[in-house]
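Could you slot chain B onto chain A? The hints should help.
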Amino acid sequence: METLWFWLVSVMVAIYVVMDGFDFGAGILHLVVAKTNEERRQVLGAIGPLWDGNEVWLLAGGGSLFLAFPKVLASGFSGFYLAMWLVVWSLMLRGISIEFRSHVQDGLWRHFWDATFAVSSVLLPVLLGAALGNVLRGVPLDGTGYFSMPLWTDFQLGPQPGILDWYTVLIGVFALVTVTAHGALFLAWKTEGPVHLRTKHLAPRLWLLVLAVWVAASAATARVNPAILHNLPGAPLAWIAILLYLAGLGLVFLGLGRERYLLAFLGSGAFILGLLAASAACVFPVMLRSTLNSAFDLTALNASVGGHGLRTGLVWWLLGFPLALGYVAFLFRFHRGKVAAAEEGEGY
Amino acid sequence: MGDPLFWHRLQFGFTATYHYLFPQLTMGLALVIVIFKALGLRTSEARYSDAARFWIRIFGINFAVGVVTGIPLEFQFGTNWARFSHLSGGIIGQTLGMEGMFAFFLESSFLGLLIWGEKKLSPKGHFGAAVALWLGSWLSGYFIIATNAFMQHPTGFAVAADGTLQLTSFWAFLLNPWALGQYAHNMIAAVVTGSFVVAAVGAYWTLKGIHPVQANLNLRTGTILGLVFSVLVAFPTGDLQGKLVAKHQPITLAAMEGRFESGPRAALTLIGQPDVTLHKIENPIKVPAVLSFIAFGTFSSNVRGLLEFPQDQWPQNIELLYYGFHIMAGLGTLMIGLMALAVFLLWRGKLATTRPLLWVVMLAVPFPYIATTAGWVVTEFGRQPWLIYGVLRTTQGSSPLVHAGHTAFTTLGFAGIFVVLSMLWLFLIGRELAHGPESPAH
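As you go down the protein sequences, you meet chains A and B in turn.
Sequential numbering from 1 applies to the first sequence in this note's numbering.
Sequential numbering from 349 applies to the second sequence in this note's numbering.
Among the hints, a few may not be true.
With a straight-line cut-off of 30 Å between C-alpha atoms, the simulated DSS-like cross-links for lysine-lysine are [as the list claims (entries may be wrong)]: (1) A:338 x B:467; (2) B:698 x B:556; (3) B:468 x A:338; (4) B:468 x A:35; (5) A:35 x B:467; (6) A:338 x A:200; (7) B:595 x B:634; (8) B:628 x B:595; (9) A:338 x B:472; (10) A:338 x A:35.
Since the hints were derived computationally from the structure, they do not count as laboratory data.
No experiment lies behind these values; they were computed from the predicted model shown.
So that you can see chain A by itself, here it is in the shape it has in the complex:
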C-alpha cells in the first residue's frame, strides 16, 4: 500500500510537471516568439483555458503527499521554507498576469503583465528543478525528522549545503531548458502564423540544448548520489521509465523532422514523465534522503500514515483521478485546433 501511494504521488507530480511545464515554456518564450499584442494573445489563448487546471495537479499531488506521507510534507516544506515561498509567490504572479492582462486594453498595462508572466515562468521551473535536485542530493535530516536550510551558502555540496548549490542550480537549469523546449513544441502545435514559424525555428535548437544539459545533469547526479546508479540494476521500473524517456526523445526528433508537432509534443511529455519516473524508481523507497546518515532517511515505509487512511484515500483517489483525466480530455477536445487570437474582450 505504501509502495502504491509512493507511485500515486509520483505520478501526480510528474503529470503536474508535464502539464504546467508547457505553460511555463509558453511564458518563457512568449516575449521572443510573440512580438505583437495579437501574437501574445494567441499564446495566452493557447494556455489560458488550461493553466489553472494544470496547476491543480500540483495542489492535488500535494494533497496526496499530505494524506499518505505527512511526515515528508512537514519536513520538506518547513525545511525548504524560503524556497517554498518563492515558488508560491511566483505561482501567484504567474496566475494574476495571465488572468488580468486582457482586462485593460492599454499598452503599458499589457507590457507589465507580459514581463511578469515571463519572469515568474522562468523562476518556477528553476526553483522546482532545484527542489528535485535537493531531493536527489539529500538534505541534512537528523534523527528528529526535520532540517532547515538557507537558500544558499557557498554553492558547494559540503556539509552545510544551501537549497541552491551548483548541483541543484544545474538541475534547475535543466528543468528550465526542458520546459522551454516542451512549451515550444506545444506552441508549434497549437499556433499558426508568425508564432508558429518562430517556435518551429527555435524548437530544434532548444532540444539540442536539452540534450547537452541532460548529459551534464545525469553525470552530475551520478556523482552526487551514487546510490542511484547502484539501485539501477535492481529496479525494473527504472528500466521501463528509461525506455519511456528514450522513446519520448526519439519521438521529439522524429516529430521535429517531419514537422508533426503534436507527435513531438507527446514525445516531450513522455520524455519528462520518463525522466521523473526513472528518478523515482531509482530513489525508491527513499523520499527525502539524509546527507548525515542513511538511517535518518524519510522513506515510503517509515513516513507513511497507517493502513486505514491509505485504503480510504485510495477509494476516492480512484474515483477522482479518472474524473480529472476526463476534464483534461474534455478541455483539449473543446479547444482543439489551432488557436487564433480572440476578439478583444472575448478571451485572454
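Here is chain B on its own, set in the frame of chain A:
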C-alpha cells in the same frame, strides 16, 4: 515578537482572513449567476442573460484573486505548521486532497468556459458551466469546513502509539456534525455577501439613474435574496452553531460572552467592555435569561462562566473573541433589519424612489464582509489554546526549525503582495462597475 509562534499565527491568520474576502463573494455570486442563467433559460428574456454576463465578469476577477491567495494557505500547513501536519496529515490530508481532486479540477476546467465560452457554447451548455462553478466552489467550501471542523471538534480518529492521529472512520470525520452546522452557516453567509453586493450595485445604478432595467433587476434580486439569507444565517444556522459551541466548547461560549461567573438564567450581553483581569463587563446592557435560551433552549439552563475552568484552557485573546462575536451578531441583526425594510418598500413599489435607503443599501457592502470576518475570528480565536480542540495545543503545532526571521520575512512579503492585489482588484472591479452591464468595448 522574536517568538516564531507569534509570526506563524500572524501569517496564517492574516493570509487566511485576506483570502476569505474573495471566496465568500465567489461562492455567493456563483449561486446568483446560476439563478440568473436559469431564469434566462426559462424566460428567454435578455435582461437575465445580461445580468449574468455582468456578474460573470466580476466573478472572473474575484475568482482569480481567490485562487492566487488560496495557494499560500495550502502551503502553510507544511511550511509553518509542520508538526501539526505531521501528526494530523493522515486525516486532514484526506479532505485537502479531495478538495483538489473533486473541487479544483471541476472549477478550473469550467471557469474558462463560463467566462469566455458564452458564444461557443449553447445556452444550456453555458448554464451547465455556471452550475459546475457553483458546485465546484461549494464543494471546495465543504472540504475546507470539514478540515476546520476536525480542528474544532475532532471526530473519527484515534491517537497512535507514535502520537500521530489515525483515521478510524472516514464518514465520522467527513460528516462531523460540527462540519454540517458550520458549513450551512458559512455558505448562507456567503450568499448574504453576494446578495448585498448585487443589491448595492442595483442601488448605485438606481441612484445614478443609469441602466434602469439592470438596476431594477439587481436591486430586486439582491434585496430579496439578502433578506432570505440574512434571516437563514441567524436562524436556524447561527443558532445551531451557537448550540454546538455551547455543547462542545463551553469555555469558548463563556469567553464570547465575557461571562466569568456560572449560573442559571444567564443574561445576554448586548453592549459592554470585558475586563479580563477584574472578571467583569463594564457598562453592560444585558437581556436576562436569553443566553441560557440561546445556548440550551430553556431560560433556566445553567451557563458556565470562565472561572469554572482552569485558566490554562482559556482562549488567550478573550477581548477579541468577545468583540468578534458581538460585531458578528450585531451586524447580522442590522442586516436583517435593513433588508426587511428594503423588501417591504420593494413590495410597496417605493424602494426605487426612497433615496436615503438606497444610499444605505449601497454603503452596506462592507457589513457582510465584516460579519463573516468577525465570525471566523470567533471560530479561530475561540479554538485557542488548542490547534485541534482537546488534542493538540497551538504551541505544539508549528514548524520546529523555522525561525522568526523566516516568518517575519514572508509575512511582510505577503503584506506587500496583498496591498498590490487589493489595488488591482479595486481598479478592475471599479472599471467593470463604471462600464456597467453592457458587454465591454474595451
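Against the structure, the hints:
no.	hint	verdict
1	A:338 x B:467	holds, 18 Å
2	B:698 x B:556	holds, 17 Å
3	B:468 x A:338	holds, 15 Å
4	B:468 x A:35	holds, 28 Å
5	A:35 x B:467	holds, 28 Å
6	A:338 x A:200	holds, 14 Å
7	B:595 x B:634	holds, 22 Å
8	B:628 x B:595	holds, 23 Å
9	A:338 x B:472	holds, 26 Å
10	A:338 x A:35	holds, 18 Å
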